[in-house]
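With the hints as constraints, model all of the structure from the sequences given.
Residue numbers (this note's numbering), protein chains in the order written: chain A, 1 to 691; chain B, 692 to 750.
Derived from the structure by calculation, the hints contain no laboratory data.
There could be a bad hint or two in this list.
Stated by the list, open to error - Simulated crosslink set (DSS-like; lysine-lysine; CA at most 30 angstroms straight-line):
| no. | chain 1 | residue 1 | chain 2 | residue 2 |
| --- | --- | --- | --- | --- |
| 1 | A | Lys291 | A | Lys412 |
| 2 | A | Lys229 | B | Lys724 |
| 3 | B | Lys738 | A | Lys511 |
As the list claims (entries may be wrong) - Here chain A is said to cover these stretches of chain B; the calculated rule only asks that three of the stretch's residues, wherever they fall, bring their Cβ under 8 angstroms from a Cβ of chain A:
| no. | region |
| --- | --- |
| 4 | 700-711 |
| 5 | 736-750 |
This one's a predicted model, so the numbers in the text were calculated from it and none came from an experiment.
Virtual Cβ for every residue (Gly too), placed ideally from N, Cα, C.
Here is what each chain is made of, one letter per residue.
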Amino acid sequence: MKLVSLALQNFRQFYGEQSCEFATGDDPSRVVTVFHGYNGAGKTALLNALVWCLYGTTTPDFQAPDKLENEGAIAEAPIGSEITVAVSLVFDRPDGQYRVRRARVSVKEGATQIRQKSQTLDLFRTDETGELKPVEDNDVKRQKRISQFLPNTLYPFFFFNGERVERIANEDAYNSVEAGVKTLLDIAIFERGEKHLRTQVERELTAALQQLGDAELVKVAKELEELEKAGEVIADRAQLHLKNLQALSIEISDIESKQEKIQHLADLTKDRDRLRADEERNGLEILEAKKRFLAALSKSGYLAFSEGILASTETLIADARRRGDIPAKIKPQFVDDLLAAKECICGTVIVEGTKEHARLLSWRDQTGLADLEEHISSTSASIGRLRERRDDYREASSQFSKDMQSLLSSRKSIRSDLAVIEEKLGDPAHGEDAARLQETLKRLQRQREDTKAEIIVCQRDASNNEEKQAELKRKIRTLQTQNERAALVKRQLEAIDHVADALASLTRIQKEDVRRALDESIRLIWDDAAIKQYEASVTEDYRLLLSKQVGGTQVPVIGASTGEKQVLALSFVGSLVKKARENFGQSYGVQVGGYYPLVMDSPFGSLEDDYRAKVAEWVPKLADQIVVLVSRSQWRSEVENAMKGRIGKEFILELHTAKEGANRDIEIHGVKHPYVVSSLDPIEKTIIREV
Amino acid sequence: MPTQSREQVAEQIRSVLLGLSEPERRLLNAVLKLEQENLYLDRPRVKDDIIAEVRRVIS
Numbered sequence: 001m002k003l004v005s006l007a008l009q010n011f012r013q014f015y016g017e018q019s020c021e022f023a024t025g026d027d028p029s030r031v032v033t034v035f036h037g038y039n040g041a042g043k044t045a046l047l048n049a050l051v052w053c054l055y056g057t058t059t060p061d062f063q064a065p066d067k068l069e070n071e072g073a074i075a076e077a078p079i080g081s082e083i084t085v086a087v088s089l090v091f092d093r094p095d096g097q098y099r100v101r102r103a104r105v106s107v108k109e110g111a112t113q114i115r116q117k118s119q120t121l122d123l124f125r126t127d128e129t130g131e132l133k134p135v136e137d138n139d140v141k142r143q144k145r146i147s148q149f150l151p152n153t154l155y156p157f158f159f160f161n162g163e164r165v166e167r168i169a170n171e172d173a174y175n176s177v178e179a180g181v182k183t184l185l186d187i188a189i190f191e192r193g194e195k196h197l198r199t200q201v202e203r204e205l206t207a208a209l210q211q212l213g214d215a216e217l218v219k220v221a222k223e224l225e226e227l228e229k230a231g232e233v234i235a236d237r238a239q240l241h242l243k244n245l246q247a248l249s250i251e252i253s254d255i256e257s258k259q260e261k262i263q264h265l266a267d268l269t270k271d272r273d274r275l276r277a278d279e280e281r282n283g284l285e286i287l288e289a290k291k292r293f294l295a296a297l298s299k300s301g302y303l304a305f306s307e308g309i310l311a312s313t314e315t316l317i318a319d320a321r322r323r324g325d326i327p328a329k330i331k332p333q334f335v336d337d338l339l340a341a342k343e344c345i346c347g348t349v350i351v352e353g354t355k356e357h358a359r360l361l362s363w364r365d366q367t368g369l370a371d372l373e374e375h376i377s378s379t380s381a382s383i384g385r386l387r388e389r390r391d392d393y394r395e396a397s398s399q400f401s402k403d404m405q406s407l408l409s410s411r412k413s414i415r416s417d418l419a420v421i422e423e424k425l426g427d428p429a430h431g432e433d434a435a436r437l438q439e440t441l442k443r444l445q446r447q448r449e450d451t452k453a454e455i456i457v458c459q460r461d462a463s464n465n466e467e468k469q470a471e472l473k474r475k476i477r478t479l480q481t482q483n484e485r486a487a488l489v490k491r492q493l494e495a496i497d498h499v500a501d502a503l504a505s506l507t508r509i510q511k512e513d514v515r516r517a518l519d520e521s522i523r524l525i526w527d528d529a530a531i532k533q534y535e536a537s538v539t540e541d542y543r544l545l546l547s548k549q550v551g552g553t554q555v556p557v558i559g560a561s562t563g564e565k566q567v568l569a570l571s572f573v574g575s576l577v578k579k580a581r582e583n584f585g586q587s588y589g590v591q592v593g594g595y596y597p598l599v600m601d602s603p604f605g606s607l608e609d610d611y612r613a614k615v616a617e618w619v620p621k622l623a624d625q626i627v628v629l630v631s632r633s634q635w636r637s638e639v640e641n642a643m644k645g646r647i648g649k650e651f652i653l654e655l656h657t658a659k660e661g662a663n664r665d666i667e668i669h670g671v672k673h674p675y676v677v678s679s680l681d682p683i684e685k686t687i688i689r690e691v
Numbered sequence: 692m693p694t695q696s697r698e699q700v701a702e703q704i705r706s707v708l709l710g711l712s713e714p715e716r717r718l719l720n721a722v723l724k725l726e727q728e729n730l731y732l733d734r735p736r737v738k739d740d741i742i743a744e745v746r747r748v749i750s
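Put into structure tokens, the structure is as follows:
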């Protein structure tokens with residue numbers, strides 16, 4: 001989707017009809033459209049005009065979302081007359097150009113009161129011949145079509161308030177971020193396909209088999225159906241626990257934020273955060289120590305009890321030497337050469353039947369010992385090496401015991417300190433609110449641990465259930481049937497199983513490809529932008545992670561700043577858009593990937609100068625179309641310098657106010673333009689002017 | 692971490708698809724098309740459409 005133009009009619013600050021065209025990347029180096037606007041000029045309104053036009057909703061932080069009609073238009077209209085607020089958007093897609101118009105008609109009932117009367121949604125497509133044709137025959141279908149272009153769950157990735165974009169990097173957002181990434185990058189269609197085949201479709205066909213098959217087949221199909229039902233119950237249960245876990249995490253995080261805001265608890269909450277970071281690091285160190293020990297165990301652990309066999313081998317070798325069995329007196333090749341030459345080195349002829357020939361044969365039998373000697377020689381050398389490895393293993397084992405003792409002792413101490421801090425946080429001396437908060441926190445933490453345990457149980461049950469289902473499916477495949485229709489259903493079930501397996505494999509491949517691409521892109525941007533020695537990465541479930549090296553171990557950064565999270569989040573959405581573009585094309589008979597715009601309201605708001613410059617430099621490289629809504633203070637030299645070579649269109653949201661002496665100018669590329677205008681017109685309004 | 696090229700990913704995908712018979716590949720494409728059309732829905736009802744495709748392709 002590429003935004004082409006926008007037209008507004010009486011939408012919030014935008015009185016009457018106004019329009020603008022976006023930079024569409026015809027010149028690929030100029031993909032940025034900038035709107036400069038004073039506070040209250042309508043930057044956020046413009047962003048919401050796009051969202052409302054497409055989905056009939058507004059962003060969560062948009063004030064008074066029901067009052068979209070321009071106040072001036074309401075004031076001017078006679079009572080009883082109609083007022084229309086409308087937004088029209090033209091956008092390009094691979095299959096043509098679309099024009100969407102959402103309009104709401106209201107009736108004026110009082111000086112400032114209006115009653116909403118109707119809302120309409122129109123959608124047209126211009127095909128390759130240039131003909132404009134209506135799409136679908138009703139609003140519901142048209143909305144469905146727009147949602148197919150860009151599902152409404154995804155719009156927060158493309159139309160967002162930059163000052164709140166860090167929410168993407170927050171712990172409690174990971175579920176929606178994961179779902180968003182999967183939808184945008186076409187993983188969801190594979191996952192859903194597999195799920196629907198494995199559950200609903202398979203179950204229906206298994207039920208059909210019960211009506212048709214032979215007695216044994218019917219019995220197995222019935223058992224399978226029961227297991228499938230049980231599997232769905234387990235999956236629902238797991239889903240519920242996961243939701244609960246997320247809700248509990250959010251509640252816990254809220255309470256901890258409240259505690260941090262209580263001034264006299266500030267030091268204690270800082271100590272708690274520090275101890276938690278220590279606990280987390282300790283946990284990682286324990287894992288590392290176990291990993292090191294397991295590696296040593298799998299390589300040389302069997303040698304721990306090898307002394308007996310090594311010693312008896314040495315004794316056997318020593319005995320053989322003592323008896324003179326080794327070293328062998330003669331090499332087998334030497335005897336073979338004499339037999340082949342039929343002549344001794346002394347010139348004696350050796351032919352079959354002579355006593356010399358018989359003696360040589362007897363020697364050759366004894367030369368077998370020379371092979372043994374070679375083995376013994378290499379075994380003797382190995383005994384030394386095996387003893388060294390055994391000693392290394394014993395050393396590793398002893399070190400592991402010491403490390404674990406020390407780490408477990410640290411853990412005990414950290415937990416004990418943490419318990420003291422938590423008790424202090426709940427001390428009634430800090431006030432009833434503080435005590436209540438801590439009490440609630442403890443309860444929620446207990447619930448969270450219980451929920452985690454429930455999830456593990458569900459995972460175990462699901463795994464057992466899957467194993468049993470797989471066993472029954474194998475059995476169904478092997479069972480013969482005389483009934484033709486039953487045989488057909490069996491073939492259909494087999495095909496479903498194969499396709500579901502393939503979808504599962506494709507999901508794994510796509511997920512890893514997407515994760516790696518996002519991870520690489522974000523690391524690159526972060527390494528370039530960040531001033532701290534933090535490392536940015538993307539986890540398997542698409543969580544954004546900042547970590548740092550502490551004592552040789554990589555540990556998560558706790559308490560990253562809002563600015564840091566914003567840089568991380570902006571690089572994440574930029575990387576998403578880049579990957580979607582890379583994937584763009586036809587695969588498996590469906591359209592995958594795509595081109596998406598990034599519309600960012602105040603994206604540089606709370607960033608330090610260094611970060612502003614880097615974000616302004618990086619984002620236009622990642623996305624094909626950028627729309628930036630900024631105030632003068634956000635469009636500072638470092639941002640302007642980074643972006644000016646990439647601007648394709650530039651506008652001023654010229655604010656007209658009745659207040660005297662409010663005139664302000666804005667200087668853009670060395671030229672002054674009206675920014676705020678004192679007007680004789682009592683109606684406050686904003687006019688979109690192209691620079 | 693070494694970068695896995697698009698060719699490598701394409702090769703992995705190709706290998707999965709080669710493990711399917713021609714009708715199974717057609718079924719896979721049909722399932723993906725249905726899922727994509729209904730992607731915007733939280734709980735899409737695609738069962739009947741998929742079963743119809745199964746019966747059409749494997750008959």
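Comparing the hints with the structure gives:
1. A:Lys291 x A:Lys412: holds (21 angstroms)
2. A:Lys229 x B:Lys724: Judged against 30 angstroms, a Cα distance of about 27 angstroms means the pair holds.
3. B:Lys738 x A:Lys511: holds (25 angstroms)
4. 700-711: holds (count 7)
5. 736-750: With 9 residues in contact (Cβ-Cβ under 8 angstroms with chain A), the coverage given for the region 736-750 of chain B holds.
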